[in-house]
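Undergrad: Sequence:
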Amino acid sequence: MIQLKDIPDEKVLKKFADKYPEADVDSVIQFLNILRIGSDLSDALDGFLCKHGLLQGRWWVLILLMREETLTSTPSELAEKSGVSRATMTGLIDGLEREGLVARLMGDIDRRKYSIKLTAAGQAKLDVVMPDYYQRVKLLMSAIPANHRETLLLQLIQLKEKSSVFE
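If you use my numbering, the sequence shown corresponds to residues 329 to 495, in order.
Please note that a few of the clues may not be correct.
To be verified - Quick list of simulated restraints, FRET-style, between CB atoms:
(1) Ile365 / Asp455: 39 to 45 Å
(2) Arg395 / Pro349: 48 to 54 Å
(3) Gln451 / Ile365: 29 to 35 Å
To be verified - In silico SDA-like links for lysine to any residue, alpha-carbon gap of 25 Å or less:
(4) Lys333 / Asp346
(5) Lys409 / Ala448
(6) Lys466 / Lys445
(7) Lys466 / Val356
(8) Lys488 / Asp422
(9) Lys490 / Lys379
(10) Lys339 / Ile362
(11) Lys347 / Ile357
(12) Lys445 / Thr398
(13) Lys488 / Thr398
(14) Lys445 / Leu467
(15) Lys466 / Ile357
(16) Lys490 / Thr398
(17) Lys379 / Asp422
Keep in mind that the hints were calculated from the coordinates and are not lab data. Using N, Cα and C, we set each Cβ at its ideal position, and we do this for glycine too.
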């Protein structure tokens with residue numbers, strides 16, 4: 329995915345507005361900044377996780393497994409919960425299995441059906457990553473006064489609910 333690093337300023341966008349009168353320059357600037365901030369936060373999280381030998385996709389799989397009472401789930405459930413294709417999930421699981429962080433458990437009756445289980449090594453990896461992650465999230469979120477966070481979240485949810493305008 330291409331991420332726009334050079335957000336156009338008002339002067340540039342006014343040129344676009346001359347050609348496309350539907351353009352609300354302020355709305356476009358705000359929208360592009362929100363997109364950029366989301367991308368930057370995602371990149372920062374990947375940078376942090378990389379220091380622990382993970383990227384977001386693999387990390388989320390480990391977390392999803394840890395949330396399960398039995399530490400076990402199926403690949404299709406993991407794909408659905410993480411919003412990726414089954415093929416993508418297979419790749420994530422293959423990498424995690426190679427590192428010993430998850431294990432495939434074959435079905436008793438149908439060997440084509442299997443579950444994925446978080447291993448002790450996977451839990452140990454999370455036990456290292458998660459305290460550091462929580463500490464950093466707390467520090468990051470301190471940039472926004474606590475009494476403003478709920479309002480910001482509600483506003484962002486409203487944006488998400490309106491995102492269907494792009495469909």
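Undergrad: Below or equal to 25 Å on CA atoms is what counts here, so check Lys466 against Val356.
TA: Violated, at about 30 Å.
Undergrad: Would you check the hint for Lys490 and Lys379, treating anything up to 25 Å between C-alpha atoms as holding?
TA: Judged against 25 Å, a Cα distance of about 36 Å means the pair is violated.
Undergrad: Is the hinted pair Lys333 and Asp346 satisfied, with a Cα-Cα distance of at most 25 Å?
TA: holds, 24 Å
Undergrad: Decide if the proposed pair is consistent with the structure: Lys488 and Thr398, CA atoms, cutoff 25 Å inclusive.
TA: Outside the cut-off at roughly 33 Å; violated.
Undergrad: Assess, step by step, whether the Cα of Lys379 is no farther than 25 Å from the Cα of Asp422, and give holds or violated.
TA: Since the Cα atoms of Lys379 and Asp422 sit roughly 20 Å apart, the hinted pair holds (cutoff 25 Å).
Undergrad: Should the hint that Arg395 and Pro349 are 48 to 54 Å apart at their CB atoms be regarded as holding?
TA: holds, 49 Å
Undergrad: Does the beta carbon distance between Gln451 and Ile365 stay inside 29 to 35 Å, or does it fall outside?
TA: At 32 Å between Cβs, range holds.
Undergrad: Taking only the CA atoms, is the gap from Lys466 to Ile357 under or equal to 25 Å?
TA: violated, 28 Å
Undergrad: Does Lys445 sit within 25 Å of Lys466, going by the straight-line distance between their CA atoms?
TA: Roughly 30 Å between the alpha carbons, so the hint for Lys466 and Lys445 is violated.
Undergrad: For a C-alpha distance cap of 25 Å, please report whether Lys490 and Thr398 respect it.
TA: At roughly 37 Å apart (the allowed maximum being 25 Å), Thr398 and Lys490 break the hint.
Undergrad: Holds or violated: are the alpha carbons of Lys445 and Leu467 at most 25 Å from each other?
TA: violated, 32 Å
Undergrad: Is the Cα-Cα distance between Lys445 and Thr398 25 Å or less?
TA: holds, 8 Å
Hint compliance for this structure: hints 1, 6, 7, 8, 9, 13, 14, 15 and 16 are not met, and every other hint is.
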